[in-house]
Amino acid sequence: DIESGRRLWHYEPPVGKLSAAALSPNGRTLALSAGNEIVVVDLKGQKMIGLPSESVWTALAFSRDGRLIGSGSAESAAIWSLPARKKLHEFKAAAGRALAFMPGGRAGRPGTSGHTGASAPSHLSGQGRHRAGPPLGSE
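So for the sequence shown, the numbering used here puts the first residue at 27; every next one is plus one.
Among the hints, a few may not be true.
To be verified - Here are the simulated DSS-like pairs of lysine-lysine, each with C-alpha atoms no more than 27 Å apart in a straight line:
#1 K113 to K70
#2 K73 to K112
#3 K43 to K70
#4 K118 to K70
#5 K113 to K73
#6 K118 to K43
What the hints contain is simulated information worked out from the structure, not anything from laboratory work.
Please model the complete structure; the sequences and the hints are all you need to start from.
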């Protein structure tokens, strides 16, 4: 807590080290990449969920509504639904350490310089056949 200087939460990754972190736009959810898992923490209730993966992610980003997480590595990028707690799609694209969602909420093309390009198909953005549901911690 900035006002009190008190640490609100601490995380020790079970394997390896943290390779990426992202805070949701509303500041209530934290995503961490540790080993081959994305750990998502509801900071208000301090609930944690794990999203197991075969990849070690070096970039994470939340969608504007906090319902989707984008993850990127040197070999691929993926879109995850937090409410469904699953990967919606993974595609070959080197994201390196930079990944972002476009302002309209659609997934942007990953890039190593931090710039986003063309938007992904609507089924990756939660606007098509994959609905994301309510944000984590809103239940």
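Distance restraint between K118 and K43, which requires alpha-carbon spacing of 27 Å or less: holds, 24 Å
Proposed proximity, K70 with K118 (alpha carbon, max 27 Å): violated, 35 Å
Pair hint K73 and K112, alpha-carbon separation not exceeding 27 Å: holds, 17 Å
Distance restraint between K113 and K73, which requires alpha-carbon spacing of 27 Å or less: holds, 20 Å
Pair hint outcome, K43 versus K70 [Cα-Cα no greater than 27 Å]: Given pair K43, K70 holds - Cα atoms ~24 Å apart, limit 27 Å.
Satisfaction of hint between K70 and K113, Cα-Cα up to 27 Å: holds, 24 Å
Consistency note: the structure conflicts with earlier hint 4 alone.
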